[in-house]
Amino acid sequence: MGDLSDLIACPHCDAVYRVAQPAHGERAVCARCHTVLIAPRRRAGEQLIALALAVVVLVITATLAPFLSIDAGGQHNAASVLDAALAFSGSGALALLSLAVAAGIVFIPVTRALLLIYVLTPIVRDRPPAPGAIVAFRLSEALRPWSMAEIFVIGCAVALVKIADLAAVEFGPGFWIFAVLVVLLVVQDNFMCRYSVWKSLET
Amino acid sequence: MEIAGDVTTARDMGLVACTRCTRVWPLGTHKCGRCGHRLHSRDPHAMQRVWAFWAVGLMCYVPANLAPMLRTRTLVSSQENTIVGGAAELAQHGNWGIAMVILVASVLIPVGKFIAIAGLALGLRRPGALGPARRQQLYEVVDYIGRWSMIDVFVVAILSSLVQLGAVASVSPGPASLFFALSVIFTMLSAQSFDSRRIWDIEAVAPPAAPPIPAPPVTKAHPA
Chain L
1 MGDLSDLIAC PHCDAVYRVA QPAHGERAVC ARCHTVLIAP RRRAGEQLIA
51 LALAVVVLVI TATLAPFLSI DAGGQHNAAS VLDAALAFSG SGALALLSLA
101 VAAGIVFIPV TRALLLIYVL TPIVRDRPPA PGAIVAFRLS EALRPWSMAE
151 IFVIGCAVAL VKIADLAAVE FGPGFWIFAV LVVLLVVQDN FMCRYSVWKS
201 LET
Chain R
1001 MEIAGDVTTA RDMGLVACTR CTRVWPLGTH KCGRCGHRLH SRDPHAMQRV
1051 WAFWAVGLMC YVPANLAPML RTRTLVSSQE NTIVGGAAEL AQHGNWGIAM
1101 VILVASVLIP VGKFIAIAGL ALGLRRPGAL GPARRQQLYE VVDYIGRWSM
1151 IDVFVVAILS SLVQLGAVAS VSPGPASLFF ALSVIFTMLS AQSFDSRRIW
1201 DIEAVAPPAA PPIPAPPVTK AHPA
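Sequences listed follow chains L and R, in order.
The first sequence lines up with residues 1 to 203 when you count with our numbering.
The second sequence lines up with residues 1001 to 1224 when you count with our numbering.
Since the hints were made in silico from the structure, they are not lab data.
Don't be surprised by glycine CBs; every beta carbon is placed ideally from N, CA and C.
Errors might be hidden in some of the hints.
[Said to hold, decoys possible] The list that follows gives simulated cross-link-like pairs (lysine to aspartate or glutamate, DMTMM-like), each with its CA atoms no further than 25 Å apart:
hint, chain 1, residue 1, chain 2, residue 2
1, R, K1220, L, D189
2, L, K199, L, D126
3, R, K1031, R, D1201
4, R, K1031, L, D3
[Stated by the list, open to error] Partner residues are not named here, just some residues of chain R that face chain L (Cβ under 7 Å, in silico):
hint, residue
5, A1010
6, C1021
7, L1159
Bound-form chain L, shown alone (with noise of 0.2 Å):
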C-alpha cells in the first residue's frame, strides 16, 4: 500500500492524489471538482499572525467605539456594535438572540484569531508544536462558518439606507474601523493553507 501519508484526499469528492508539494504562491487543485487542496505561501505563517493581532485589537476598539450615530427632530443617539448586539436583550427569547449576534460579530472572530496565534506561532518559531494545537486548530475550523463580521458590515449599508430619509446618519469611527477589520479577516481566509498547517503539526 506505500506510505499513507504521501496521499491527499480531496475533502469533497474523494478523489486520492499523490502529493507533490507545489513551489509558494502555486497552488495543487482536485481535477475532479476544482477544490484548491494544496497553496501555500511564502512567510504566510508570520503573515496570518499579523493579521490575526490585528483582528483582536480592531475588534475590541470596534466593539467599544461608536459605530453610528443618529440625529432626527433634535434627538440624538449613537450605538456601538456591542448595542447593536444587545438591542434583542430586552425582551425573553428575543435575548438568546443577543448572544448568537454577539458571538457572529464579535466573540467567534477574536477566538478564531487567538486560536490561530496560539497555534501558529510555535510553528513560524520552528519549536514543536503547542499542547492541544491539533483541538485548538480544529476548533478554530470548525467556527469558520459562524464568523459573520463581513456581513454585519454590509447589514449596516442596509440599515442606512433603510433610515436615511428618516434621519441624518453618521458613521463613527466605529464602522471604519469594522470596515478594515473584514479585509482583513478575507485575507486571513484566503492566505490559510490549511494542508502545510495540519502538516506541520503532524508529529
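Position chain R relative to chain L; hints supplied.
Just chain R now, with coordinates in the frame of chain L:
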C-alpha cells in the same frame, strides 16, 4: 467530465479520507490520527441529519415570514412590519434597490436554499439533469451563501439599537427576527451535514482498477 476516468477515490482504494485535514487512513479507522476528526467513508446517518435540520429550518421559516420583524413607533403612528411588508413599503417609497436587497436576502436566498438542498439530497438517489460538477458547484454556492441570510437579523439589530429617539421614533425587534435567525442557523447545519462525496459516487461505476495515482494539477494562484 473527461478526466473523471483517471480519478481513484479513497473508497475505491480501501481507504477512508479525513474531510477536515485530507489525510487518508486504512478503512475501518474511526478517528483521524492527525487532526482527531471522526472518520466515515460515507456517513450512513448524514442524510438523516440533512433532512432533520432542513425540516426544522423550514418550520422556523414560516413564522419568520408571518410574524412582525420590526415594530416602529413614531410620534404619530405605530406599526409592525413583516419581512415582505417592510420590503413592499420601501418599494412604495421608491427605494427599489434596498427593497430588492431585502427580498433577495430574506426570501429568494432562503427559499432557493431549501429547494437546492432538497434537490441535492434527492438527486443522490436518481441522477437528474445536472452532472456531478454542476451539483458540486451548487453545493458550494449553497454552503457559501447560507451565512449571508443573517443580514436581515443584523439590520434589525442595528435599527433597534440606533433608532432610540425617545418620543420621536423608536424601533424594536419583533418575534420574527428570532425565528428567522433560527431558520438560517438550521439550514446552515443542514448544508454542513451534507456529504458532497456522495455526489460523485454515482460516477464511480467503473471497476476499481489501480491506475498510478496522479499528483494534483498545479496552477498559478490568482493574485488574491
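Consistency of the hints with the structure:
1. R:K1220 x L:D189: The hint holds at about 18 Å.
2. L:K199 x L:D126: 13 Å, holds
3. R:K1031 x R:D1201: 23 Å, holds
4. R:K1031 x L:D3: 18 Å, holds
5. A1010: 5 Å, holds
6. C1021: 4 Å, holds
7. L1159: Because about 5 Å separates R:L1159 from the closest Cβ in chain L, which is inside the 7 Å limit, the hint holds.
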